[in-house]
Amino acid sequence: MELTEVDPEVASLAFAGDLDRVWASGRPQKLGWMRTRIDDLTEIVQMPGRAPDGSVDPYCLRLHAAHYGPHPVKVNFVEPQTWTLARDGSRWFPRLENLPPWFGLHDVYGYPDGTQEQLVCFSFNLDYYTSNHSPQPTEIWQQGRHTVAATLYRLHDILGPAHYRGPAAPLAEAA
Amino acid sequence: MQTTKPDKPDHEPKTVHVTVHNEDDGDTYHLNAKRDDALAGVIAELYDKKLRRDRQADDRLSCERGGEDVFPSESLSFGEYLDQGHCPDLEWLFAGGTGGA
Numbered sequence: 004m005e006l007t008e009v010d011p012e013v014a015s016l017a018f019a020g021d022l023d024r025v026w027a028s029g030r031p032q033k034l035g036w037m038r039t040r041i042d043d044l045t046e047i048v049q050m051p052g053r054a055p056d057g058s059v060d061p062y063c064l065r066l067h068a069a070h071y072g073p074h075p076v077k078v079n080f081v082e083p084q085t086w087t088l089a090r091d092g093s094r095w096f097p098r099l100e101n102l103p104p105w106f107g108l109h110d111v112y113g114y115p116d117g118t119q120e121q122l123v124c125f126s127f128n129l130d131y132y133t134s135n136h137s138p139q140p141t142e143i144w145q146q147g148r149h150t151v152a153a154t155l156y157r158l159h160d161i162l163g164p165a166h167y168r169g170p171a172a173p174l175a176e177a178a
Numbered sequence: 027m028q029t030t031k032p033d034k035p036d037h038e039p040k041t042v043h044v045t046v047h048n049e050d051d052g053d054t055y056h057l058n059a060k061r062d063d064a065l066a067g068v069i070a071e072l073y074d075k076k077l078r079r080d081r082q083a084d085d086r087l088s089c090e091r092g093g094e095d096v097f098p099s100e101s102l103s104f105g106e107y108l109d110q111g112h113c114p115d116l117e118w119l120f121a122g123g124t125g126g127a
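Listed in order, the protein sequences are those of chains D and L.
Position one of the first sequence corresponds to residue 4 (our numbering), numbered consecutively onward.
Position one of the second sequence corresponds to residue 27 (our numbering), numbered consecutively onward.
Hints are supplied without guarantee of correctness; some may be wrong.
Claimed, not checked - What the simulated footprint calls covered on chain D by chain L, stretch by stretch (three residues with Cβ under 8 angstroms from a Cβ of chain L suffice, anywhere in the stretch; the number is not a length):
(1) 20 to 34
(2) 105 to 112
(3) 122 to 132
(4) 141 to 150
If you are wondering where the hints come from, they were derived from the structure by calculation, not from laboratory data.
For each residue, glycine too, the CB sits at the ideal point set by N, CA and C.
With the rest of the complex left out, here is chain D (with noise of 0.2 angstroms):
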């Protein structure tokens, strides 16, 4: 399914705000999250993995918000500073277990356009929409009714200590 991109202007006006919305609530620095701004279209959220034996390891979301209002964000798990795709068996790619039927996560996968990339699966990441997933009426973005919240709190869920068992390897073998 292609998907038309929304004026740039128009999409990182949307974006933005509902961003500073969601900041303003007080809740992402209760929960320590952190946000940095790469360009008008594109924030990094870090965010922490949460284990069930306390341990905290932070990951970073690349939000991309080319196709934002009418559609979700895209979003990544990504290395930091370079801000390319985390990949499967580093330290920046979680590793989740007893995961709930509305995600997934897989470190690549063969998108229709033959395109082979990492996706986060769950129905408030744009790559959902253009994985050839078919959602509930219930599940399915609504603009208006969902923003970037929703992306992200559901992402804090899955990276909490119900489903996240720590990073994919531990951080001296990321060296």
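Using the hints, position chain L against chain D.
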């Protein structure tokens, strides 16, 4: 001669304050109820006046501290809910359905 206001009668129901974070759009709502009120009334008000949508089977309403599902307790009064140790902060998280995997 100095006069003082009489104390409120002990039987007057105390007000409780419920905070709901909407994890679909980042909004936060504040709702008030009496200890004698059932949770169901505040949940109905949440849908009617704040979320402005019908309740769906895959909606989630959980306690911010610990994640306990709120819906199974909706027939309890707030007094019972708090006395039984559910969600003492009365801070709830709302999330609609999500598809994936």
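Taking the numbered hints from earlier one at a time, note which ones the structure violates and give those numbers from smallest to largest.
Those not satisfied: there are none.
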